[in-house]
Amino acid sequence: MASIEMIVAARARLRGHARRTPLLSSPFLNEIAGRRLFVKAECLQHSGSFKFRGGWSAVSGLDPAVRARGVIAFSSGNHAQGVALAAKLHGVPAVIIMPSDAPKLKIANTRAFGAEVVLYDRANGDRDAIGARLSAERGLTLIKPFDEPLVIAGQGTTGLEISEQVEEEGVTSADVLVPCGGGGLTSGIALALEASAPGLRVRPCEPRDFDDTARSLASGRIERNASISGSICDAILTPQPGNITFPILKRLAGAGIVVTDEESLRAMALAFTRLKIVVEPGGAVALAAALFHGEVLESDAVIAVTSGGNVDADLFATALERFG
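Mapping of the sequence shown onto the UniProt record's numbering: position 138 corresponds to residue 138, and the numbering continues sequentially without gaps.
A portion of the hints provided could be inaccurate.
[Stated by the list, open to error] Cross-link-like lysine-lysine pairs, in silico, BS3-like; alpha carbons within 25 Å at most:
# : residue 1 : residue 2
1 : LYS144    : LYS250
2 : LYS144    : LYS88
3 : LYS104    : LYS88
4 : LYS276    : LYS104
Derived by calculation from the structure, the hints in this document are not laboratory data.
Input sequences plus hints: build the corresponding full structure.
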(Lines of atoms letter the chains of each structure in order from A and count residues from 1; the text may use other names and numbers.)
(Lines give C-alpha, C1' and ligand atoms only; values in the text may rest on other atoms or scores of the structure.)
Protein backbone atom coordinates (compact mmCIF):
# COMPACT_ATOMS: atom_id res chain seq x y z
CA MET A 1 0.00 0.00 0.00
CA ALA A 2 1.04 3.60 -0.53
CA SER A 3 2.56 5.36 2.48
CA ILE A 4 4.33 8.56 3.47
CA GLU A 5 7.61 6.64 3.41
CA MET A 6 6.99 5.75 -0.25
CA ILE A 7 6.16 9.38 -1.03
CA VAL A 8 9.40 10.58 0.56
CA ALA A 9 11.34 7.94 -1.40
CA ALA A 10 9.58 8.98 -4.62
CA ARG A 11 10.53 12.59 -3.97
CA ALA A 12 14.18 11.58 -3.73
CA ARG A 13 13.94 9.77 -7.09
CA LEU A 14 12.13 12.74 -8.65
CA ARG A 15 14.68 15.30 -7.45
CA GLY A 16 16.31 16.91 -10.45
CA HIS A 17 13.70 15.45 -12.81
CA ALA A 18 10.30 16.91 -11.81
CA ARG A 19 9.58 20.61 -11.48
CA ARG A 20 8.68 22.15 -8.14
CA THR A 21 5.60 23.86 -9.52
CA PRO A 22 4.65 27.31 -8.23
CA LEU A 23 1.87 28.26 -5.84
CA LEU A 24 0.15 31.20 -7.53
CA SER A 25 -2.31 33.81 -6.29
CA SER A 26 -4.28 36.79 -7.56
CA PRO A 27 -6.26 39.46 -5.68
CA PHE A 28 -8.90 39.24 -8.42
CA LEU A 29 -9.41 35.53 -7.76
CA ASN A 30 -9.39 36.08 -3.99
CA GLU A 31 -12.30 38.47 -4.45
CA ILE A 32 -14.32 35.97 -6.47
CA ALA A 33 -13.55 33.15 -4.04
CA GLY A 34 -14.27 35.27 -0.98
CA ARG A 35 -11.12 34.06 0.77
CA ARG A 36 -7.39 33.63 0.18
CA LEU A 37 -6.97 31.38 -2.84
CA PHE A 38 -3.73 29.70 -3.86
CA VAL A 39 -3.33 27.74 -7.09
CA LYS A 40 -0.86 24.86 -7.28
CA ALA A 41 0.02 24.99 -10.98
CA GLU A 42 0.68 21.36 -11.91
CA CYS A 43 -0.26 22.33 -15.46
CA LEU A 44 3.33 23.62 -15.59
CA GLN A 45 4.80 20.20 -14.75
CA HIS A 46 6.79 18.28 -17.38
CA SER A 47 4.41 16.75 -19.97
CA GLY A 48 1.80 19.32 -18.99
CA SER A 49 0.37 17.59 -15.93
CA PHE A 50 1.07 16.06 -12.52
CA LYS A 51 1.11 12.64 -14.19
CA PHE A 52 4.83 12.95 -14.88
CA ARG A 53 5.43 12.58 -11.15
CA GLY A 54 3.67 9.23 -10.97
CA GLY A 55 5.11 8.07 -14.27
CA TRP A 56 8.67 8.78 -13.20
CA SER A 57 8.11 7.30 -9.75
CA ALA A 58 6.77 4.06 -11.23
CA VAL A 59 9.33 3.67 -14.03
CA SER A 60 12.28 4.57 -11.80
CA GLY A 61 11.02 2.20 -9.10
CA LEU A 62 11.09 -0.90 -11.33
CA ASP A 63 13.87 -3.46 -11.18
CA PRO A 64 16.35 -2.42 -13.91
CA ALA A 65 16.02 -5.75 -15.78
CA VAL A 66 12.23 -5.47 -15.76
CA ARG A 67 12.32 -1.81 -16.77
CA ALA A 68 14.57 -2.54 -19.74
CA ARG A 69 11.87 -4.69 -21.37
CA GLY A 70 9.54 -1.69 -21.47
CA VAL A 71 6.28 -0.47 -20.00
CA ILE A 72 2.65 -0.25 -21.08
CA ALA A 73 -0.14 2.04 -19.87
CA PHE A 74 -3.82 2.84 -20.49
CA SER A 75 -4.69 6.52 -20.68
CA SER A 76 -6.87 9.17 -22.31
CA GLY A 77 -3.84 11.43 -22.38
CA ASN A 78 -2.09 12.79 -19.31
CA HIS A 79 -0.96 9.49 -17.78
CA ALA A 80 0.04 8.51 -21.31
CA GLN A 81 2.33 11.50 -21.65
CA GLY A 82 3.76 11.16 -18.15
CA VAL A 83 4.68 7.51 -18.62
CA ALA A 84 5.90 8.07 -22.19
CA LEU A 85 8.25 10.86 -21.13
CA ALA A 86 9.51 8.94 -18.10
CA ALA A 87 10.18 5.89 -20.28
CA LYS A 88 11.98 8.00 -22.88
CA LEU A 89 14.22 9.59 -20.26
CA HIS A 90 15.05 6.11 -18.93
CA GLY A 91 15.77 4.88 -22.45
CA VAL A 92 13.14 2.13 -22.41
CA PRO A 93 10.21 1.43 -24.77
CA ALA A 94 6.65 2.45 -23.94
CA VAL A 95 3.33 1.35 -25.44
CA ILE A 96 0.31 3.51 -24.62
CA ILE A 97 -3.26 2.35 -25.27
CA MET A 98 -5.45 5.41 -25.82
CA PRO A 99 -9.12 5.93 -26.75
CA SER A 100 -9.49 7.12 -30.33
CA ASP A 101 -11.55 10.11 -29.14
CA ALA A 102 -8.82 11.42 -26.82
CA PRO A 103 -7.81 15.04 -27.47
CA LYS A 104 -5.61 15.24 -30.56
CA LEU A 105 -2.96 17.20 -28.64
CA LYS A 106 -2.59 14.42 -26.09
CA ILE A 107 -2.24 11.73 -28.75
CA ALA A 108 0.30 13.82 -30.67
CA ASN A 109 2.33 14.63 -27.55
CA THR A 110 2.43 10.98 -26.47
CA ARG A 111 3.83 10.00 -29.86
CA ALA A 112 6.27 12.91 -29.73
CA PHE A 113 7.67 11.51 -26.47
CA GLY A 114 8.57 8.36 -28.41
CA ALA A 115 5.80 6.02 -27.28
CA GLU A 116 3.99 3.61 -29.56
CA VAL A 117 0.31 4.65 -29.41
CA VAL A 118 -2.38 2.00 -29.90
CA LEU A 119 -5.85 3.51 -30.36
CA TYR A 120 -9.11 1.75 -29.45
CA ASP A 121 -12.84 2.50 -29.53
CA ARG A 122 -13.76 3.68 -26.03
CA ALA A 123 -17.39 2.56 -26.41
CA ASN A 124 -16.85 -0.88 -27.95
CA GLY A 125 -13.18 -1.78 -27.62
CA ASP A 126 -11.54 -3.87 -24.88
CA ARG A 127 -8.39 -2.07 -23.79
CA ASP A 128 -7.65 -4.70 -21.14
CA ALA A 129 -7.57 -7.43 -23.78
CA ILE A 130 -5.32 -5.35 -26.02
CA GLY A 131 -3.01 -4.60 -23.11
CA ALA A 132 -2.87 -8.22 -21.96
CA ARG A 133 -1.94 -9.39 -25.45
CA LEU A 134 0.80 -6.81 -25.93
CA SER A 135 2.20 -7.35 -22.42
CA ALA A 136 2.42 -11.09 -22.98
CA GLU A 137 3.97 -10.76 -26.42
CA ARG A 138 6.62 -8.21 -25.43
CA GLY A 139 7.17 -8.69 -21.71
CA LEU A 140 5.94 -5.17 -20.90
CA THR A 141 5.14 -4.03 -17.34
CA LEU A 142 1.75 -2.38 -16.82
CA ILE A 143 1.79 0.99 -15.07
CA LYS A 144 -1.74 1.69 -13.87
CA PRO A 145 -2.95 5.32 -13.93
CA PHE A 146 -3.98 5.56 -10.27
CA ASP A 147 -4.40 2.23 -8.46
CA GLU A 148 -0.66 1.60 -8.15
CA PRO A 149 1.33 2.45 -4.99
CA LEU A 150 4.39 3.75 -6.86
CA VAL A 151 2.16 6.05 -8.93
CA ILE A 152 0.29 7.29 -5.85
CA ALA A 153 3.63 7.95 -4.17
CA GLY A 154 4.82 10.06 -7.07
CA GLN A 155 1.61 12.10 -7.12
CA GLY A 156 1.91 12.54 -3.36
CA THR A 157 5.08 14.59 -3.81
CA THR A 158 2.72 17.40 -4.91
CA GLY A 159 1.35 17.41 -1.36
CA LEU A 160 4.81 17.69 0.19
CA GLU A 161 5.44 20.79 -1.93
CA ILE A 162 2.06 22.28 -1.02
CA SER A 163 2.78 21.87 2.70
CA GLU A 164 6.11 23.69 2.34
CA GLN A 165 4.70 26.46 0.16
CA VAL A 166 1.68 27.28 2.32
CA GLU A 167 3.89 27.34 5.42
CA GLU A 168 5.87 30.12 3.72
CA GLU A 169 2.53 31.95 3.30
CA GLY A 170 1.65 31.51 6.97
CA VAL A 171 -1.30 29.20 6.20
CA THR A 172 -1.90 26.40 8.71
CA SER A 173 -5.55 25.55 7.95
CA ALA A 174 -7.11 25.22 4.49
CA ASP A 175 -9.25 23.17 2.16
CA VAL A 176 -7.08 21.59 -0.56
CA LEU A 177 -9.21 21.06 -3.65
CA VAL A 178 -7.98 18.42 -6.09
CA PRO A 179 -9.34 17.29 -9.49
CA CYS A 180 -10.27 13.65 -8.97
CA GLY A 181 -10.65 10.79 -11.44
CA GLY A 182 -9.50 7.47 -10.00
CA GLY A 183 -8.02 9.25 -7.00
CA GLY A 184 -4.27 8.79 -7.41
CA LEU A 185 -3.41 12.48 -7.04
CA THR A 186 -6.05 13.13 -4.38
CA SER A 187 -5.06 10.18 -2.21
CA GLY A 188 -1.35 10.86 -2.64
CA ILE A 189 -1.76 14.48 -1.57
CA ALA A 190 -3.96 13.38 1.34
CA LEU A 191 -1.27 11.02 2.62
CA ALA A 192 1.42 13.68 2.26
CA LEU A 193 -0.61 16.33 4.08
CA GLU A 194 -1.55 13.95 6.89
CA ALA A 195 2.15 13.70 7.72
CA SER A 196 3.38 17.20 6.84
CA ALA A 197 0.44 19.61 7.29
CA PRO A 198 -2.45 18.04 9.25
CA GLY A 199 -4.37 21.33 9.26
CA LEU A 200 -4.90 21.02 5.51
CA ARG A 201 -7.73 18.75 4.33
CA VAL A 202 -8.18 17.33 0.85
CA ARG A 203 -11.52 17.74 -0.97
CA PRO A 204 -11.96 15.81 -4.26
CA CYS A 205 -13.54 17.77 -7.13
CA GLU A 206 -15.38 16.23 -10.09
CA PRO A 207 -17.62 17.16 -13.04
CA ARG A 208 -21.39 16.81 -12.77
CA ASP A 209 -22.69 13.31 -13.64
CA PHE A 210 -19.18 11.86 -13.07
CA ASP A 211 -19.05 12.33 -9.29
CA ASP A 212 -18.32 8.72 -8.34
CA THR A 213 -15.84 9.76 -5.64
CA ALA A 214 -18.21 12.28 -4.04
CA ARG A 215 -21.01 9.70 -4.01
CA SER A 216 -18.66 7.01 -2.71
CA LEU A 217 -17.53 9.20 0.17
CA ALA A 218 -21.15 9.98 1.00
CA SER A 219 -22.25 6.33 0.98
CA GLY A 220 -19.08 4.85 2.44
CA ARG A 221 -18.68 2.34 -0.40
CA ILE A 222 -17.37 2.46 -3.98
CA GLU A 223 -19.98 3.82 -6.39
CA ARG A 224 -19.78 3.63 -10.20
CA ASN A 225 -20.58 6.21 -12.84
CA ALA A 226 -23.36 5.34 -15.29
CA SER A 227 -21.14 6.43 -18.19
CA ILE A 228 -17.46 7.17 -18.88
CA SER A 229 -18.04 9.76 -21.59
CA GLY A 230 -20.14 12.88 -22.00
CA SER A 231 -18.11 15.65 -20.33
CA ILE A 232 -15.38 17.94 -21.62
CA CYS A 233 -13.35 16.95 -18.52
CA ASP A 234 -11.87 13.89 -20.27
CA ALA A 235 -8.80 13.71 -18.03
CA ILE A 236 -10.81 12.73 -14.95
CA LEU A 237 -13.58 10.52 -16.36
CA THR A 238 -13.16 7.12 -14.71
CA PRO A 239 -15.72 4.38 -13.94
CA GLN A 240 -15.17 4.45 -10.17
CA PRO A 241 -12.60 5.20 -7.45
CA GLY A 242 -9.67 2.84 -7.14
CA ASN A 243 -9.55 -0.09 -4.73
CA ILE A 244 -6.33 1.32 -3.27
CA THR A 245 -7.19 5.01 -3.48
CA PHE A 246 -10.70 4.93 -2.03
CA PRO A 247 -9.81 3.62 1.45
CA ILE A 248 -7.26 6.45 1.73
CA LEU A 249 -9.83 9.03 0.70
CA LYS A 250 -12.49 7.54 2.97
CA ARG A 251 -10.13 8.00 5.91
CA LEU A 252 -8.63 11.38 5.07
CA ALA A 253 -10.75 13.38 2.59
CA GLY A 254 -13.60 15.78 3.17
CA ALA A 255 -16.80 15.72 1.15
CA GLY A 256 -16.49 15.92 -2.61
CA ILE A 257 -17.45 18.98 -4.65
CA VAL A 258 -19.18 18.77 -8.03
CA VAL A 259 -18.94 21.43 -10.76
CA THR A 260 -20.46 21.91 -14.19
CA ASP A 261 -18.59 21.87 -17.50
CA GLU A 262 -19.49 25.55 -17.90
CA GLU A 263 -17.90 26.36 -14.55
CA SER A 264 -14.75 24.55 -15.66
CA LEU A 265 -14.62 26.62 -18.85
CA ARG A 266 -15.05 29.81 -16.86
CA ALA A 267 -12.27 28.76 -14.47
CA MET A 268 -10.01 28.07 -17.46
CA ALA A 269 -10.59 31.60 -18.75
CA LEU A 270 -9.94 33.15 -15.33
CA ALA A 271 -6.75 31.12 -14.89
CA PHE A 272 -5.50 32.47 -18.19
CA THR A 273 -6.50 36.11 -17.68
CA ARG A 274 -5.49 36.39 -14.01
CA LEU A 275 -2.65 33.86 -13.61
CA LYS A 276 -1.42 33.54 -17.21
CA ILE A 277 -1.60 29.75 -17.16
CA VAL A 278 -3.32 27.32 -19.55
CA VAL A 279 -5.53 24.74 -17.84
CA GLU A 280 -7.57 21.94 -19.43
CA PRO A 281 -11.20 21.35 -18.37
CA GLY A 282 -10.54 18.38 -16.08
CA GLY A 283 -7.59 20.21 -14.56
CA ALA A 284 -9.77 23.24 -13.83
CA VAL A 285 -12.51 21.60 -11.75
CA ALA A 286 -10.79 22.32 -8.42
CA LEU A 287 -10.31 25.97 -9.33
CA ALA A 288 -13.96 26.11 -10.41
CA ALA A 289 -14.98 24.66 -7.05
CA ALA A 290 -12.87 27.23 -5.19
CA LEU A 291 -14.27 30.14 -7.20
CA PHE A 292 -17.94 29.20 -7.52
CA HIS A 293 -18.73 26.88 -4.60
CA GLY A 294 -17.29 28.77 -1.66
CA GLU A 295 -20.40 28.09 0.40
CA VAL A 296 -19.26 24.49 1.00
CA LEU A 297 -15.74 25.46 2.08
CA GLU A 298 -14.88 25.65 5.77
CA SER A 299 -11.53 27.48 5.90
CA ASP A 300 -10.43 31.07 5.36
CA ALA A 301 -7.89 29.83 2.82
CA VAL A 302 -8.20 27.39 -0.06
CA ILE A 303 -5.62 25.72 -2.27
CA ALA A 304 -6.79 24.57 -5.71
CA VAL A 305 -4.63 22.19 -7.77
CA THR A 306 -4.74 22.84 -11.52
CA SER A 307 -3.70 19.35 -12.47
CA GLY A 308 -3.16 19.62 -16.23
CA GLY A 309 -2.93 21.98 -19.18
CA ASN A 310 -3.18 19.70 -22.21
CA VAL A 311 -6.18 21.20 -23.98
CA ASP A 312 -6.92 21.34 -27.70
CA ALA A 313 -6.71 24.87 -29.12
CA ASP A 314 -10.35 24.96 -30.27
CA LEU A 315 -11.72 24.14 -26.83
CA PHE A 316 -9.40 26.63 -25.14
CA ALA A 317 -10.51 29.31 -27.60
CA THR A 318 -14.12 28.50 -26.72
CA ALA A 319 -13.40 29.12 -23.03
CA LEU A 320 -11.76 32.47 -23.77
CA GLU A 321 -14.48 33.57 -26.19
CA ARG A 322 -17.25 32.81 -23.72
CA PHE A 323 -15.65 33.95 -20.47
CA GLY A 324 -12.36 35.74 -21.21
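We went through each hint and held it up to the structure:
A distance of roughly 21 Å separates the Cα atoms of LYS144 and LYS250; the hinted pair therefore holds under the 25 Å criterion. Our distance criterion of 25 Å between C-alpha atoms is met by LYS144 and LYS88, whose separation comes to about 18 Å. Proximity of LYS104 to LYS88 is assessed by CA-CA distance (about 21 Å); at most 25 Å being required, the pair is judged to hold. Note on LYS276 and LYS104: the hinted pairing holds, with a Cα-Cα distance of about 23 Å set against a maximum of 25 Å.
Against the hints set out earlier in the document, no violation occurs for any number.
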